[in-house]
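Here is how the chains run, residue by residue.
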Amino acid sequence: MKKFAIGLYVAITLALMGWGYYQAIYVAPNDAMQGEIFRIIYYHVPSAIVAFFFFAVSLVGSIGFLASRANHADRAQMFDAWALAGAEVGVVFCTVVLTTGPLWGRRAWGIWWTWDARLTTTLVLWLIYVSYLLLRRFAAGPQMQTLAAVLGIFGALDVPIVYMSNRWWRTQHPAPVFGGGQGSGMDHSMVGALLWNMLAWFAWGVMILAIRYYVERQHQKISAAEALRALNA
Amino acid sequence: MDQAAILDHRFLIAAYVVTWTIQLGYLSYLALKWRSQKREAARNLREPL
Numbered sequence: 744m745k746k747f748a749i750g751l752y753v754a755i756t757l758a759l760m761g762w763g764y765y766q767a768i769y770v771a772p773n774d775a776m777q778g779e780i781f782r783i784i785y786y787h788v789p790s791a792i793v794a795f796f797f798f799a800v801s802l803v804g805s806i807g808f809l810a811s812r813a814n815h816a817d818r819a820q821m822f823d824a825w826a827l828a829g830a831e832v833g834v835v836f837c838t839v840v841l842t843t844g845p846l847w848g849r850r851a852w853g854i855w856w857t858w859d860a861r862l863t864t865t866l867v868l869w870l871i872y873v874s875y876l877l878l879r880r881f882a883a884g885p886q887m888q889t890l891a892a893v894l895g896i897f898g899a900l901d902v903p904i905v906y907m908s909n910r911w912w913r914t915q916h917p918a919p920v921f922g923g924g925q926g927s928g929m930d931h932s933m934v935g936a937l938l939w940n941m942l943a944w945f946a947w948g949v950m951i952l953a954i955r956y957y958v959e960r961q962h963q964k965i966s967a968a969e970a971l972r973a974l975n976a
Numbered sequence: 003m004d005q006a007a008i009l010d011h012r013f014l015i016a017a018y019v020v021t022w023t024i025q026l027g028y029l030s031y032l033a034l035k036w037r038s039q040k041r042e043a044a045r046n047l048r049e050p051l
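Going down the list, the sequences are from chains A and B.
The first sequence begins at 744 in my numbering and counts up one residue at a time.
The second sequence begins at 3 in my numbering and counts up one residue at a time.
Derived by calculation from the structure, the hints in this document are not laboratory data.
Treat the hints loosely; a few may be bogus.
[As the list claims (entries may be wrong)] Straight-line distance between alpha carbons at most 27 Å, and here's what the computed DSSO-like set of lysine-lysine pairs gives:
id : chain 1 : residue 1 : chain 2 : residue 2
1  : A       : Lys746    : A       : Lys964
2  : A       : Lys964    : B       : Lys40
3  : B       : Lys40     : A       : Lys746
4  : A       : Lys745    : B       : Lys40
5  : A       : Lys746    : B       : Lys35
6  : A       : Lys745    : B       : Lys35
7  : B       : Lys35     : A       : Lys964
8  : A       : Lys964    : A       : Lys745
Start from the sequences, fold in the hints, and give me the full structure.
Put into structure tokens, the structure is as follows:
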């Protein structure tokens, strides 16, 4: 039953990816000003929103770890695994944002990069979570998880700044697609393709998050068994 | 198709290919990690505490 449910979820996710691609390439019209290059938005914006969601998962995991590490060891390890999985999958999506954005910028603006508020805060967010992953990979000792949790919480503070950056400051980055002021947003004929791709990338992200969580839990169990073996040797 | 439209098309393809390369690359990394852990778990079972 469990295998069937997992298989069904994977099948639905792949169908959504295919449908999202079809909507982005064949259904949505070209932008009147930008032409075909505009279609990058159907992968760029959903990746950004999904990255924010997974950094929020990492934040909840980090807080949960700090709250439960003293009294509930196993629950703390579960929270820690969620924190790591959320951060790693968030970095993957943030990397997509930071590579597709410059590809669009090169055609739309004529430059690969500019140090405006939205781009800079996004790069800082990516660097913070890459630091988090490096800390987890190379630091040793019992305090590593605690330090990582604190860094994960600080990193998440940058998410609202990234989100609000092109509302608070004048940026070269385009106005917000959703929740912006007057004159922002997109044509009705393009919104459907964007929403389908958001759903598809969200489903894909949840799938790889679940895999990463499972792998980390297995790693924790193997490490615990090895530590026990070393004690008994 | 004019030169600008051809370039737009190439950049669009590049963006989609980069996205899928990153995502599938990460999925492959997870699959390799999962496989090595399964082997490690099997080895631990063969050598009990």
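So, going through the hints one by one against the coordinates:
1. A:Lys746 to A:Lys964: 22 Å, holds
2. A:Lys964 to B:Lys40: Between Lys964 (chain A) and Lys40 (chain B) the Cα gap is close to 12 Å, so the pair holds against 27 Å.
3. B:Lys40 to A:Lys746: Holds - the C-alpha atoms of Lys746 (chain A) and Lys40 (chain B) are around 18 Å apart, at most 27 Å.
4. A:Lys745 to B:Lys40: Within the cut-off at roughly 19 Å; holds.
5. A:Lys746 to B:Lys35: Holds, at about 20 Å.
6. A:Lys745 to B:Lys35: 22 Å, holds
7. B:Lys35 to A:Lys964: 15 Å, holds
8. A:Lys964 to A:Lys745: Holds, at about 22 Å.
Hint check: no violations occur; every hint is consistent with the structure.
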